[in-house]
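Sequence order for the protein chains is A and B.
Everything in the first sequence is counted per this note's numbering, starting at 19 for the first residue and increasing by one.
Everything in the second sequence is counted per this note's numbering, starting at 19 for the first residue and increasing by one.
Mixed in with the good hints, there may be bad ones.
[To be verified] Here are the computed lysine-lysine pairs in the PhoX-like style, where the Cα-Cα straight-line distance is at most 25 Å:
{"no.": "1", "chain 1": "A", "residue 1": "Lys178", "chain 2": "B", "residue 2": "Lys48"}
{"no.": "2", "chain 1": "A", "residue 1": "Lys32", "chain 2": "A", "residue 2": "Lys223"}
{"no.": "3", "chain 1": "A", "residue 1": "Lys63", "chain 2": "B", "residue 2": "Lys63"}
FYI, nobody ran anything at the bench for these hints, they're computed from the structure.
Protein chains: 2
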Amino acid sequence: MVKNFADKLVEAVKMKGSSICVGLDPRLDKIPKFLKMKAIEDGDKTPFGAAASAILEFNKGIIDAVKDLVPVVKPQIAFYEIFGHEGIRCYEETLKYAKLQGLLTIADAKRNDIGSTAEAYAQAFLGETVLFEGDEEVIMPAFDADAVTVTPYLGWDGIKPFIEECKKYGKGIFILDKTSNPSSSDLQDLEVMERDGAIEKKTGKALYEIVGHLIDSWGANDIGENGYSFVGAVVGATFPEQAKRLREIMPNAYFLVPGYGAQGGKASDVAVCFGGGSAGLGEKGLGAIVNNSRGITNAYEILGYDESKYAEAAREAVMKMKMDLAGVM
Amino acid sequence: MVKNFADKLVEAVKMKGSSICVGLDPRLDKIPKFLKMKAIEDGDKTPFGAAASAILEFNKGIIDAVKDLVPVVKPQIAFYEIFGHEGIRCYEETLKYAKLQGLLTIADAKRNDIGSTAEAYAQAFLGETVLFEGDEEVIMPAFDADAVTVTPYLGWDGIKPFIEECKKYGKGIFILDKTSNPSSSDLQDLEVMERDGAIEKKTGKALYEIVGHLIDSWGANDIGENGYSFVGAVVGATFPEQAKRLREIMPNAYFLVPGYGAQGGKASDVAVCFGGGSAGLGEKGLGAIVNNSRGITNAYEILGYDESKYAEAAREAVMKMKMDLAGVM
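Construct the complete structure from the given sequences, taking the supplied hints into account.
So, in structure tokens, the structure goes:
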């Protein structure tokens, strides 16, 4: 039987003693020069190839430095797509390396589309691809992440194909609900009416709450041993009041929480995201993984280290974040 | 001065005498066998590499067959991502080849994220990437599509970085509004309230209408000579009533219309999507481009041709579609 992704996540969180997710969102101008020079010295690279190689080395350094402290890493694919197919090669290698080092991986890709296309995305990120070798059919994974982020705007059609791959391969999804950016209110906070036939009634609910109820129902059939579903939610640390409400609406959803650190979210803000599951709101330390990208990968700048010490600085930043989160648990 | 993408599109539509967009959404099981064998004979390919090469040849055949009949092609990136970085190489080459053959290209990627990440997506698909060569900075495009599809769920933050690249490079975006899939109603048809301070009032508007108003305002500063903005909208052919309403709400938006053909949308359904612009609702044939993917790329099956004639069949399907659309104009 395939293990529920949510149970894998709980296990990893308990083993590492932390709910930190390291965001691998590399920016070339923050990659230490010695790594860029090495990429060029290593041979016949195009500028795209050299950039991708430098970033891969950088990522490996970060992963090695934090792998005993965190359960999961989350590379944001936009920062790889700007290097075209070489960037995607680096993305694949990063996921593969993280997995080899015992980390779970979340492909932050915010994908979705109509059903038949969502199926292709789901296969790409979570499942396997049907290929050929001569006359023979061969099946191999493309990205093989443990989970992927997904947008809700197309409704159930766009979610279902992902859920099918999750079931088959023990993978997970995190559906965008209340995002961490300032203008997330443009759509997500709109107040929604309910209609019962010809009768309209006010729900008093915002769109993000409706999406929360949808996520809760979409994940209801796939709850693991710890009371969490492999259908999780993205809930920004920058809106603690809304996060608290969503924790009530989705007791079985694991939250992926962006917005801590550089975007302004504090440990006290993310505290409300924890809870849920079979232990209810009582057991803290489960129910949410808190992402930090720049605060960890650029820690050498923030903490005033030489860039050659970027990995040590990342480790220090993770330990500080761990203490910061522990303070509010 | 950079030419507005909407004007480029109008020019191309007039030159080709058609508003058809050919969707390049390849499925390996529909790629003719002789192309797969050729890919293997051509040398040391991995299964992913061989698949990507076969698809690239297939796409080139389609492009050659339809390039004098249509203004634009739209490769859906999910169908390339399932082949990992080799698929993305094929995606880049497909965009490049289409451009060389005088076609406009829409990267159907439905991207979006918070501002700083949306910036990376916008650079990847529409703009340029900053790289290095030794100590020198070099700047090159990654995908260099003419336009990209974008999701609205994160609000203005996620749209603005795309608009900046559009301005700089003469590119366009199509923002998802009312999508063609059955469950698009889950979120998009929800009825929304308006709040004026403490006073609530019913708008009587659905979310897709609110999104329409947002798209209209987001594109208002970037209207070209023909009265269309480079900020367009995705409006499904499968919901003609809603499309009609959206045509009124967004008089300056060019519509990208999926759902014709395989998904059930008819020529009479898409007719309401045309109009708008400086010529108003009178001038038909402008204001919308109608996508057809499977109906063209799999035409050899549908029309009963041998698979070696897939390109001829695609041409015939485009000509039939052209007549079908002309019948309702």
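Hint check:
Distance restraint check for Lys178 (chain A) and Lys48 (chain B): the Cα-Cα separation of roughly 24 Å lies within the 25 Å cut-off, and the hinted pair is therefore satisfied. With a C-alpha separation of about 35 Å, the suggested pair Lys32 (chain A) and Lys223 (chain A) falls outside the 25 Å cut-off, and the hint is violated. This hinted pair checks out: Lys63 (chain A) and Lys63 (chain B) have alpha carbons roughly 20 Å apart, not beyond 25 Å.
Hint check: a violation occurs at hint 2 only; the rest are consistent with the structure.
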